[in-house]
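Residue numbers (full-length UniProt numbering), protein chains in the order written: chain A, 1 to 323; chain B, 1 to 235.
Treat the hints as calculated values from the structure; they're not laboratory data.
Glycine included, C-beta positions come from ideal geometry on N, C-alpha and C.
There may be inaccurate statements among the hints.
[What the hints assert, rightly or not] Non-contacting residues of chain B with respect to chain A, defined by C-beta distances greater than 10 Å in every case (computed):
id: 1; residue: F15
id: 2; residue: L30
id: 3; residue: G141
id: 4; residue: R149
id: 5; residue: G221
[As the list claims (entries may be wrong)] To give an idea of the interface, some chain B residues facing chain A are shown, with a C-beta separation under 8 Å as derived from the structure:
id: 6; residue: V31
id: 7; residue: L32
id: 8; residue: I35
id: 9; residue: F68
id: 10; residue: Y102
id: 11; residue: A176
id: 12; residue: Y200
id: 13; residue: P204
id: 14; residue: A206
id: 15; residue: I207
id: 16; residue: R226
One letter stands for each residue in the lines below.
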Amino acid sequence: MSQQTSVLYDVPGPRQRRITLISSIVAGVVLLVGAYFLIYQPLDEKGQLSMELWGPLLDPSNENFSQVWDRIGLGFKNTLIAAALAVVSSLVLGTLLAVLRIQLKSLNRLRFTGLATPVAYLLRGVSTLLSAVTRVCVEVFRGLPVVITIFFVARGFPEFGLYLDNLWYLVIGLTIYNSVVIGEILRSGMEGLPGGQREAAAAIGLSPAQTTRMILLPQSFRIMLPALISQLVVVLKDTSLGFIISYEETLNIGKQIIGVLGNPIPVYVVIAVLFIVVNYSLSKLAQYVQRRLARGRKTAGTPAQNPPPAALVSQAESNGQGF
Amino acid sequence: MNVLIDKFDVFAGGFWLTLQICILAAIGALVLGAIVAVLRISPVPPLRALGTSYVNVFRNMPLTVVMFFAAFGLPALGSNADFLRIPVIDSLFTRLGTDLPYFRFALIALVLYTAAFVCEALRSGVNAVPAGQAEAARSLGLTFGQNLRHVVLPQSWQASVVPLGSVIIAMIKNSALAGFFGVVGDLSATADQLTGAEGYAFVPVAIGISLGYLIMTVPLGALLDRIEKRQAVAR
């Protein structure tokens, strides 16, 4: 923030500081008054601030307090379970996908000169076809909203005689989308590496598979770690989509509580705060990791790596509800 | 595959409605996001705090929660979001005129949620302008407004086009959620309706719905890729 302001403004002098102070006070007062009239008063008028509505959530002596929080705890546990499963499986699948796409790309360059001509052409055709198929899959699943993917999984699997727990529909839906996104993050990380890395690996006699496994992938993980952590936030937020297939995660539990107690605003405020706290700490972690990585690279004296494409990183960050 | 042909008007209607939501929400989010971005870079600390907390709140909250707030919180306050019935737009966009408030609720939620990301995209653009540029402009004696208009904003705009584009793509995908919140007849609600209540075969419906979304997202993504590559070459 301070860095931000220093780009646009000079260091303020005494007069400027006085103006800033005065306008701060004025703005603060205006904001408080605005908050009172636009938020507090309407809420109060509709009786939304009564202890009757907030009591079950805030007042430990309320009869429903322990039950409500037990349910919310259960929901949050379910949210975390779904998120953890989705993260682990999409990391594994995403890595595989990234490696596959890189391998296919290097396979595409091969001419298979040692083999008979028809065989060589066949192999080249197969490798071209494979990379086209993976490309199309990536584009399709990246372009579809996650809700739709989850919905398709939940509706489509029973259609083909595959009945699973709701948890698994959610996890599979999230995994399909996020493994594609993570795969693209890692792939662009690998392609952003200086060409010398790959050449050096080839020079000391590593095979393409070894190069990917030992040279490219570890570095790509390192560079893309902030983007990967941001993707964690996205997955955690996306688990709330479980409500469309009535998986019992936090939001669904919240709906049940509202159904019994009839207090939508307090319950949603509490759930929002829960999510905000967890996700905010995750984003702070991502920022911290990014800063550490930037520092580490400088002191190690290695050449600056190409920064990851802005679109991918910002997509990972802004993907918001993922999708 | 018959459902694709028989129900083509349903698919087309769903596509059109989703497109309407997206256009309106994009306009709203760009305006609100720009305002929040101005707050975030303003020199007055309370305004800056307001912008920062807005971004932190909405970026870390699932859109689903925002939607629930809009769909169940606003009615609890006795509001049907009637202030969105702006006379001219009302007649252009068919759904704003109807009495179902869910379209407006979904719109509010999408705008509020996306604005936080728009703000971040714009701000990252301003941050990408080298500090020396603004310093040089100041030392030439340009005022703050001139500095922004002639030096900082033109450059920051270039840097924020691609992030803004991905925010918009994400928003198009997010709009699918509206169908599960009582917005009748958009693409995702159509999927639910056709496979659930009307009992059509699953695969063709899925293909139709997917095509609807991919038509909107994939070309935009390809365009962004091109812009990004061109910018990378230009630098």
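Hints, one by one, checked against the model:
no.	hint	result
1	F15	13 Å, holds
2	L30	14 Å, holds
3	G141	12 Å, holds
4	R149	12 Å, holds
5	G221	7 Å, violated
6	V31	18 Å, violated
7	L32	15 Å, violated
8	I35	14 Å, violated
9	F68	6 Å, holds
10	Y102	15 Å, violated
11	A176	4 Å, holds
12	Y200	11 Å, violated
13	P204	12 Å, violated
14	A206	5 Å, holds
15	I207	10 Å, violated
16	R226	11 Å, violated
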